[in-house]
Amino acid sequence: MERINQRLGVLSALPVVVFLAAGFLAPLCVVAAFSIMPQKVFSLANLPDFSSYALMIQEGYWESLLVSLAMAFAATFILFVICWPLAFAMAKVFGRFTLVLTIGVVMTLFVSENIRLFGWVLTLMKGGLIEGYWRSWTGQSFDGLLYNVPVIIFGLVYVYLPFMLFPLAQGIAMVPDDARQAAFDLGANRWQIFREVELPLSAPGIAVGCLITFVLTAGAIAESKLLGGRAVIVISDEIERSFTYGQNWPLGSALAMTLIAVVGSFAIFGVTRIDLDAIMGRKR
Amino acid sequence: MHPSNVGRIGLYLYGILILAFLYLPLVAIGFASVSTSRYLSFPIRQYTTQWYAQALESGTVSDLLWISLQVAAIVTVISMVLGFFGALAFARYQWRYRRLYQKLILLPIFFPQSVLGLALLMWFNAVGITPTWHTAIIAHLVWIAPIATLIIAIRAYSFDPALEEAARDMGCSTWQILREVTLPLLMPGVVAAGLFSFLLSWGNFPLSLFTTGADLTLPEWLYAKMVSGYSPLVPTVGMLSVAASIVLVAIALALPPLINRFTRNSSD
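So the protein sequences, as listed, match chains A and B.
Quick note: the first sequence, position 269, residue 269 per the working numbering, numbers continuous.
With positions in the second sequence counted from 1, the corresponding number in the working numbering is that position plus 284.
If a hint is listed, it holds; no wrong ones were tucked in.
Example chain B residues on the side facing chain A (calculated, C-beta under 8 Å, incomplete):
id, residue
1, A316
2, W379
3, R380
4, R382
5, T433
6, Y441
7, L506
8, Y507
9, M510
Facing chain B, from chain A, some residues (calculated, C-beta under 7 Å):
id, residue
10, Q6
11, L8
12, S12
13, F110
14, N114
15, I115
16, G219
17, I221
18, A256
Per label pair, the in silico range of CB-to-CB distance:
id, chain 1, residue 1, chain 2, residue 2, range
19, B, A476, A, R273, 23 to 31 Å
20, A, A21, B, A536, 30 to 38 Å
21, B, K509, A, E196, 47 to 55 Å
22, A, A22, B, G291, 50 to 58 Å
23, A, A32, B, R545, 51 to 59 Å
24, A, R273, B, L353, 38 to 46 Å
25, B, R452, A, P38, 57 to 65 Å
26, A, Q39, B, S346, 39 to 47 Å
No wet-lab data here; the hints were simulated from the structure.
Heads up, the beta-carbon is just placed ideally off N, CA and C, and yes, glycines get one too.
With the rest of the complex left out, here is chain B:
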């Protein structure tokens, strides 16, 4: 009882429609970023790339990029490490408080992010830490490390514990097993988690809003400009940020086949 052909075509069209719906606002931003006029109005009469030139030359924009990049990079590294061990505890080892632990991991994900950001701001204040972009790293990690854990856990579920047991029977220490057996097997999950961590941190707004203090990340700057009135740099910088994400995903998708080919050639 598979759906009829008409039904299948309908579902495909529906899928394409949803994708179009998801990308329509980005198309609008793309058009706005190449419009000549300082006050945007559709239809666009003349096209220009001057805003891109201006954005790339601007010192503010490069500062913003640099801060966002540092935050995202550090968040990625830490959440890969926390997520790797966290996922083993989540999915691989049978231990007493595992169910409780699984629920603790889910809680920060099931939590309004703006409230979480405020809670962290008060906590930093209570322990006497002045918020800068360093504190934003902590805030991003509270939300992103559990997500990284879940992504790696999906991989850890499909992993055969017999492989680790065999290594142990052959006399491997726990550390050797982790390095030689577990880590290589979970590697695709760890890489996927790293990619997600970077991109989620790169685009995060609600957590950064309260926890960066006087520093600004890219999404925060964009938001400040949006609510204070239109600036032609907003769509341009928005498009640049989107382009950066796309480049990163493209690299991530292209790398594994390249590495495979390289290692195969060298082993021949």
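Pulled out of the complex, with its shape left as it was, chain A reads as follows:
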């Protein structure tokens, strides 16, 4: 049995592994190779000179990276606070309503994020849903709510809510009711139960939720472009521009490599500490 398992495991992993090696790892190697090429070349047949990394530091591109990371931290923190009560209720309080909520939230994932963000543009702009109705009811007008940093973070919170909600709910479902009951019987208050029982026992779900939101928000681009106007330039925007307007692939690659390094170290740090079998519900 052992030998059969071993062989079948390798065989069934093969298609997806080969595909990801060709479609994921190989492209990353190309980006890494381009990032050390001289400026503005379009082929890898040049002597590497690392000038893109020097340019990145001199020209202040790292500021965009800091902006992106700061907004990602803010969005992740806000999402954690917003999603915790709902995730708790989905795992422990709601019965059938959990299914309704799950379907309702998942459905939004299927609508392209730029359509949904465009909906917020129509809602928040001057003459949009909020300002327009406010003006017609009260006669007072105010400027649109778009084109600033908070609205970009708002957009990130909006788009990535499901990525925090579901892992959290999954994590909280792993906390046995007995443990909470016992803590309560021993005289713990609501806050103590949260800090001493729920938080540590649902840590895997929290880790997955925070990691995935942080990684995705750090690389997000549509929120700042559609809602933020020119308020700030995020790192993904900077990367895209070096490829399109800038026609400087090595610079874009160096920026991409830096983003990958920062975000990837978080992701790898987290992923290696998580027991996937436990989260995804192995019963054996």
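Starting from the known structure of chain A, fit chain B onto it as the hints suggest.
Below, chain B alone, put in the same frame as chain A:
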């Protein structure tokens, strides 16, 4: 120590509030799509369905729909196959590099999609492939096949290996076991994965942006129109795309009970 009634009602209200928050922008788009004026301004004075008629007649829109549909359909089929085998390796079989493999599967999901799209564009360029909507299929699969794998893996975790072992003891070949035991048991997971694959590909923007070359998918066209100024067709086509997703999900939710009833009747 269950929450008091007040607490429960509060949580229900909170859940409804979050749902409303998620759907509010779609409501705004819905209103915009039936507004008469060429330059949108709320409150809307007059309603019309002329933009829908225009969108449905337009050749551009039907081309976009057709390309998006083909990409999503092919992505769905391939990711169901890759995901089925991938999930068995992920959850069912105990093999030596399983933990490492699980991490490899997660990496593309934990990766900024716009950067992934650019990386693929450079890779296609390096090996001399001109990007068209065919290359977008590859790009979508890099992100969607791992998700399909995870969805099917959830099902594969709750599956009793004794069933396969029994079939083997009765003399089934590995292929027969896969077809007669494993596939039927994992079928709900495979269908769910297919549904997710289709819809995620249908709505994907960041990967398509860099990998479709001169072709355009629906989300890309919408984005191009949004950044270049308002067009009344944007909310309309957006609503049509949302409606297509809703129809598909409704079919997917309605089909299993119908099939059940049909098979029960025929076996009577």
